[in-house]
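Chains as they are written, first to last, in the working numbering: chain A, 24 to 810; chain B, 8 to 177; chain C, 3 to 435.
The set of hints was computed from the structure by calculation and includes no laboratory data.
Predicted model only: the values in this text are computed from it and were never measured.
Do not rely on the hints blindly, as some may be mistaken.
DSS-like cross-link-like pairs, simulated, lysine-lysine; straight-line CA separation at most 25 Å [unchecked claim]: (1) 154/C / 36/B; (2) 365/C / 156/A; (3) 77/A / 312/C; (4) 554/A / 565/A; (5) 149/A / 365/C; (6) 186/A / 254/C; (7) 588/A / 429/A.
Some, not all, of what chain C presents toward chain A, calculated at C-beta under 8 Å [said to hold, decoys possible]: (8) 62; (9) 167; (10) 347; (11) 352; (12) 355.
From the derived model, a few chain A residues whose C-beta atoms are all more than 12 Å from chain C [what the hints assert, rightly or not]: (13) 88; (14) 112; (15) 196; (16) 198; (17) 205; (18) 379; (19) 681; (20) 749.
All C-beta atoms, glycine included, are put in the ideal place defined by N, C-alpha and C.
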Amino acid sequence: MVNIEIDGIPLKVDSAKMIIQAADEAGIDIPRFCYHKNLSIVANCRMCLVEVDKARKALPACATPVAEGMKVFTQSEIALAAQRGVMEFLLINHPLDCPICDQGGECELQDLSLGYGSGISRFSEKKRVVKDKDIGPLVQTDMTRCIHCTRCVRFGQEIAGIKELGATGRGEHMEIGTYVEHSLASELSGNIIDICPVGALTSKPFRYKARAWEMTSHPSIAMHDAVGSSVEIHTRQNEVMRVVARDNESVNQSWISDRDRFSYLGLKHPQRLLQPMIKQNGEWQTTDWQTALEFAVDGLKHVKAKNGGDQIAGLISPTATLEEAFLFQKWLRNFGSQNIDHRLRQQDFSDEGHEQFSPIALAEVEDCDAIVLLGCNVRSEAPLLAHRIRQSACSGGLISDINFFKTDLLMPVERQVVVNSTQLLSLLSGIAKALLHLDSEAAKAWQHLMREKAASATEQNIAMQLTNANQSLIVVGALANHHPQAAVIRALAALISQLTGARLLILPEANSQALHLASALPHAVTGKDQKPGLNACEIWQKQLRAYVLFNVEPEFDCADPAAAKLALQRAGFVVAINSFECDSLRDYADVLLPLAAFAETSGTFVGLDHQWQSFTGAVVPPGDSRPGWKILRVLGNISKFSGFDYVSSEGVRQDLQDQLNRQASAKSSLYIPNEIASAKGIQLISEVPIYRTDSLVRHSKSLQLTPENQFLDVVRIHPALAKKSGLLQGDSVLIQQGDLAVSTTVLIDEQVAEDMVYLSAASPLAAKLGSAFGQLQLSAITEMANA
Amino acid sequence: MTANLQLTGHRDQLFNETVRQKLDSWISKYPPGQAQSAVIPALHILQDAHQGWLSEGLMRALAEYLDIPAISVFEVATFYTMFELNPVGQHKISVCTNISCQLCGSEEIASYLQKKLGIGFGQTTADGKFTLKEVECLGACVGAPMLLLDRDYHEHLTPEKIDTLLGGVK
Amino acid sequence: MMQQNQVCFRTMHLDQPWSMEAYRSVGGYEVLEKILHEKTRQESIIETIKNSALRGRGGAGFPTGLKWSFMPRRMPGDKYIVCNSDEGEPGTCKDRDILRYNPHQLIEGMIIAGYTIGAQRGYNYIRGEFFEPIERFEQALTEAREAGYLGKNILGSGFNFELHTHPGAGAYICGEETALLESLEGKKGQPRYKPPFPAGYGLYGRPTTINNTETLASVPVILQHGADWFHELGTPNNGGQKIFCMTGHVNKPGNYEVPLGMPFAELLELAGGVRHGHKLKAVIPGGSSTPVVPADVMMQTAMSYDGIGKAGSMLGAGSVIVMDETTCMVKALERIAYFYYEESCGQCTPCREGTGWLYRVIKRIENGEGRQEDLDRLVDVANNINGNTICALGDAAAAPVISFIKHFREEFQYHIDHQRCLVAEPELKLNYG
Ligand SMILES: Cc1cc2nc3c(=O)[nH]c(=O)nc-3n(C[C@H](O)[C@H](O)[C@H](O)COP(=O)(O)O)c2cc1C
Ligand code: SF4
Ligand code: FES
């Protein structure tokens with residue numbers, strides 16, 4: 024700590040700080056363009072020049088470390104003259120097109136120039152003009168406005184882990200761009216919109232839509248992944264105009280993913296469900312809420328009376344709020360149904376009740392010196408978790424990536440191991456085996472399950488890295504959690520974590536931690552005499568009489584689209600509380616209740632650190648759609664169940680909170696499987712692509728246009744399997760799963776495990792198939808067969 | 008040397024054997040993990056092997072070869088004046104017009120050259136033989152006025168000297 | 003008069019002065035052998051260099067011994083010695099001749115420097131256009147390697163040292179030491195903000211010493227003949243001889259290695275005086291970035307760091323640009339301003355935007371489109387650049403503008419008032435086209 028003075032104010036600051044950081048903490052404003060608290064310091068804009076006593080010339084506050092006794096003057100003659108000089112330089116080549124610039128009203132250059140500008144420019148030469156570049160569907164460029172602060176370039180290099188933008192040319196001819204035009208390939212690319220201090224990089228979908236001063240800002244939480252980034256929703260006249268990042272140092276720092284930024288575009292999709300609808304005699308008709316709700320309740324009551332409550336099932340999207348989930352399960356349980364689940368893509372439920380949810384703060388991830396990613400395409404599952412892991416990797420953390428295919432994690436990776444299902448289990452038990460001697464009790468419980476063979480070098484290395492690390496972490500991702508042997512994988516991961524002291528993160532989907540707390544689960548029974556209900560798989564397999572969907576699009580959101588569709592078609596009564604409609608929904612549903620989406624409702628998100636983050640709606644839901652908690656409350660009332668007289672979502676939250684407080688938190692024991700074995704043969708790898716995760720994302724046109732969706736309608740197979748199956752690049756291929764078959768195009772890809780087939784889940788193609796990770800046959804479609 | 012250069016495919020197959028050897032010898036001059044240091048020498052090598060200029064594909068392939076982002080190669084190639092990003096003539100003439108040369112008559116030399124070749128600075132003769140460039144100080148000021156023809160300096164220029172010089176170029 | 007060519011050009015009179023044989027004949031590599039043999043203490047070498055009053059020949063004139071002493075002594079890991087042979091400052095062409103005619107002396111200097119600062123690896127950054135000098139230097143490296151002066155366990159001393167050439171590719175800014183490091187790392191030559199200085203955070207983030215070619219080539223001679231000998235070649239605080247590149251309007255342009263402190267008049271004599279018997283008008287004494295000095299002041303000036311400093315300019319790289327009475331100062335400044343505009347790396351605002359502004363206004367004046375307010379504006383813009391940039395290129399761009407207008411304002415004013423040149427008498431103008 025050193026003592027300094029800024030503008031006469033004495034401060035005690037950390038000696039590692041720069042003047043600008045000390046000033047920011049003290050709330051003293053120093054103008055800046057290139058400095059950004061989460062990026063490296065380059066001191067190139069020179070806007071932050073301040074006077075420092077004993078220095079010959081003005082110094083950049085962003086790059087000048089504080090020193091004992093230092094006196095800084097941010098407003099002195101010298102400082103102001105230097106700042107004014109820089110401002111003048113910045114403006115000579117900057118177009119004065121503020122009236123048509125999207126940044127107008129929130130432009131750091133505009134704001135500052137008002138304070139410094141001498142009005143008329145003394146520069147009378149010709150201004151520079153720079154050609155714009157097309158860098159994809161999300162970011163609009165207007166490079167004549169660029170002031171070369173290089174924030175965007177540093178963002179790519181330091182945060183996104185992919186240097187696509189650079190400053191080419193030199194001197195006055197220097198241009199920020201990609202040199203050759205192409206779409207940015209980062210899931211975090213939209214952040215350059217936020218950090219660009221001028222209007223050079225703006226949001227393409229938002230272009231010319233609104234002016235900054237016309238909009239109102241609402242803090243909120245993004246729901247598309249488990250991070251729960253803080254966002255700012257900007258609205259105008261009850262319309263969401265855009266979403267930007269909100270600073271939250273402990274969660275998303277200054278960044279959000281493109282998914283969180285651009286999903287709002289789905290809100291206006293033509294398939295948005297805007298009115299309650301009921302199907303009578305096979306005819307759909309729009310109706311009022313009362314009619315629709317009564318219709319829904321009557322239908323369910325009828326099923327209950329005729330077939331029993333256990334013939335009703337409820338499925339809820341992991342993007343639901345805590346409150347929605349709580350009311351959803353409460354309402355259905357009142358019908359006598361325990362068949363409630365949000366684990367829509369899960370297939371193995373054997374470790375139910377042994378769930379390992381320990382809170383982890385994202386900052387802790389950065390500090391880890393060894394991280395194992397297990398079936399986790401972290402860049403697409405949780406882009407900001409990937410960012411933290413990248414920070415760990417860049418400061419020397421050893422990253423082991425174990426998955427069914429290889430992806431570019433955009434960070435230094437110690438090892439990438441591509442495995443098939445059998446190899447995965449073997450690898451994990453090998454790692455565990457290398458560690459079992461550390462704990463005799465665990466050894467006793469597990470020894471008989473482990474394979475004979477001693478641990479391989481890779482297995483031993485991973486085991487060692489986890490043991491030797493000061494802080495290590497195992498992340499079990501979606502590909503592992505959706506796997507048919509997920510419980511075994513998780514159990515082994517938990518065992519390894521126990522033996523090495525590594526933290527274990529079973530990466531939740533979206534808000535599923537909240538849904539867990541809210542008991543949107545079949546085994547979260549309340550009464551003593553009640554039996555656990557059916558899980559998300561059994562619910563379809565058992566083909567029940569009635570289904571209630573809460574923002575679920577079964578063909579995209581479930582582990583086995585074919586089974587789901589069949590069950591729904593055979594059901595007597597289907598209620599869908601959804602934000603979007605589509606033909607298949609109209610086909611099997613009987614009631615459609617229009618649901619408010621992101622930004623339109625209030626609720627609570629539970630983050631990885633187990634913090635409850637509540638938010639309020641930013642706009643009134645469109646048409647007749649209503650916030651989920653209100654729909655469910657009224658459904659409760661109409662059903663004449665008691666305990667549904669909430670007046671606000673806070674009330675729902677409080678009710679749950681009280682309930683949880685009353686329950687003693689039982690520490691769950693480790694699940695030990697009966698055997699460690701996996702199915703053989705060619706298996707599917709069903710990965711949910713980054714922009715197919717939930718209905719809102721899937722309806723965002725701009726996100727659907729990004730290169731990330733490139734594998735949606737092809738099947739990726741390893742050259743070895745291609746050879747074995749007689750397939751060539753670009754061939755048509757028939758994929759068969761039992762009675763189901765789809766044809767598609769072959770993409771030969773060395774990155775995929777040798778005997779597995781990569782197919783994008785949540786895609787029109789996968790919707791025609793059955794179980795994710797299921798067995799399948801491949802056969803070439805020959806000309807002959809076509810003829 | 009204008010052998011066909013392979014610009015796509017596996018790293019071990021890029022460019023050609025000779026070029027790869029030269030690149031590898033440069034890479035070996037830097038500490039392990041610092042292959043990026045070889046970008047400038049590598050661009051010189053590739054430019055020489057590719058009729059004196061760098062195509063986008065060439066630069067991409069180099070990025071691949073050095074395992075660095077393509078934009079990092081573009082940044083370097085566009086920063087340094089010796090790299091040509093468009094096709095050039097068989098021979099490159101760089102005339103210094105900076106202060107010491109200017110004081111000694113480089114303007115006259117420049118206009119003589121322009122007239123003789125029938126092209127302006129930054130242009131290539133119709134027969135593709137010469138490209139003429141104006142450059143900054145080349146560090147031969149005591150020999151002003153001077154020019155660089157391909158790899159050789161020519162100093163104390165006069166119109167007569169230029170005639171002889173260009174006459175001798177094949 | 004003192005003898006010339008005592009330091010870096012000491013092989014100049016020999017046949018094939020660049021060969022190992024020629025260099026050996028003047029005692030080359032003896033110092034290195036002695037140091038390695040006796041395991042001379044690093045401190046004592048630094049002491050000698052300090053006492054010799056050797057100052058950096060690259061432009062800033064920083065005391066070399068002091069610079070070496072900044073290298074962290076006990077820090078483990080890689081350290082580097084880097085030679086700056088980028089030679090881009092207009093008017094400078096001395097390092098080229100060291101590389102061409104005495105490369106071994108530079109190599110010996112770099113090995114000794116490496117030994118002294120604890121570096122096992124050195125790079126000589128040579129500007130890319132120097133095809134011939136690069137070849138010579140590479141040839142000399144091969145000879146030195148064969149003679150066992152480079153490589154592992156040099157002469158059985160246990161000291162390892164590797165030395166490589168690194169070519170530039172046409173960018174003046176890479177002469178700035180931190181830009182040079184960036185360039186050496188395979189990036190654009192964009193200077194780093196200092197602190198941290200290269201001695202703490204240099205090449206690949208490791209402690210690094212960067213010296214000019216002439217500086218490093220002076221080292222073996224100093225250690226051979228002693229600090230006092232060297233110091234006494236020059237004047238107090240300005241040790242040794244210095245190569246002056248005499249260019250512009252002189253009868254015998256050339257590189258002259260003469261004692262520091264030599265009166266300018268004498269140096270001008272050596273270079274054959276002002277050409278065509280013209281009158282001297284002004285001199286830029288240290289390369290285009292140093293302030294111009296009017297003839298009368300210059301004729302009273304001693305050619306040393308301190309002497310030229312007193313005359314209101316800088317010795318810089320020793321690049322003496324002589325201008326006679328026929329020179330149009332507006333046109334001269336236009337060319338210089340264009341240079342800095344062309345060569346600004348573009349990184350920091352005042353330089354990127356300011357150099358273009360300066361150039362365009364001066365060009366306007368030169369073209370007879372000047373305005374009354376232009377002169378004050380030029381000075382004001384130059385002052386706004388000066389001191390506010392990341393590296394000294396900004397200052398280098400500002401200094402000529404400020405000094406030209408200060409000393410020759412009436413010529414600029416004449417251009418503005420009359421839309422033509424004050425000195426443009428037809429027969430004189432012919433001399434430079
Ligand atoms: C714009 C600029 C260009 C420079 N160009 C050169 C150069 O070409 N050669 C050189 O030796 N030093 C040059 N320098 C000075 C170097 O930064 C550095 O001070 C010098 O290499 C240190 O060596 P010395 O102490 O031996 O002089 C330049 C400095 C600036 C600011
Ligand atoms: S002063 Fe000029 S050359 Fe130096 S860093 Fe700034 S822009 Fe680059
Ligand atoms: S904010 Fe300090 S120089 Fe840009």
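For each hint, the structure was consulted:
1. Taken as a hint, the residue 154/C and residue 36/B pair is honoured in the structure, with Cα atoms around 15 Å apart against an allowance of 25 Å.
2. Only pairs whose Cα atoms come within 25 Å are accepted, and residue 365/C paired with residue 156/A is rejected, the gap being roughly 32 Å.
3. A hinted pair counts as satisfied when its Cα atoms are at most 25 Å apart, and residue 77/A with residue 312/C qualifies at roughly 24 Å.
4. Taking the CA atoms of residue 554/A and residue 565/A, the gap is about 16 Å. The hint holds against a cut of 25 Å.
5. With a C-alpha separation of about 13 Å, the suggested pairing of residue 149/A with residue 365/C holds against the 25 Å cut-off.
6. Among the hinted pairs, residue 186/A with residue 254/C is inconsistent with the structure: their alpha-carbon atoms are about 52 Å apart, more than 25 Å.
7. Restraint check: the Cα-Cα separation between residue 588/A and residue 429/A comes to about 32 Å, which exceeds 25 Å; the hinted pair is violated.
8. Annotation: interface hint on residue 62/C violated; nearest CB of chain A at approximately 15 Å, more than 8 Å.
9. Because the closest C-beta pair between residue 167/C and chain A is about 23 Å apart, greater than 8 Å, the hint is violated.
10. Evaluation of the residue 347/C hint against chain A yields a held restraint, the C-beta minimum of about 6 Å falling below 8 Å.
11. Taken as an interface hint, residue 352/C checks out: its beta carbon lies about 5 Å from the nearest beta carbon of chain A, inside 8 Å.
12. With 8 Å as the threshold, the beta carbon of residue 355/C comes within range of chain A, its nearest partner Cβ sitting at about 4 Å, so the hint holds.
13. Consistency note on residue 88/A: stated as away from chain C, yet its beta-carbon is not over 12 Å from all of that chain's, at 8 Å minimum.
14. Distance to chain C contradicts residue 112/A as a non-interface residue, since its nearest Cβ pair spans about 4 Å, not more than 12 Å.
15. Look at residue 196/A: its CB is around 7 Å from the nearest CB on chain C, not clear of 12 Å, so calling it non-interface is violated.
16. Distance check for residue 198/A against chain C: the nearest CB is about 9 Å away, which does not clear 12 Å, and the non-interface claim fails.
17. Every CB of chain C is more than 12 Å from the CB of residue 205/A (nearest about 21 Å), matching its label as outside the interface.
18. The claim that residue 379/A lies off the interface holds: its Cβ sits roughly 41 Å from the closest Cβ of chain C, which is beyond the 12 Å cut-off.
19. Annotated as non-interface, residue 681/A keeps its C-beta farther than 12 Å from every C-beta of chain C; the closest such distance is 56 Å.
20. No beta-carbon of chain C comes within 12 Å of the beta-carbon of residue 749/A; the shortest separation is about 46 Å.
Hints 2, 6, 7, 8, 9, 13, 14, 15, 16 from the list above are not met by this structure, while the remaining hints are.
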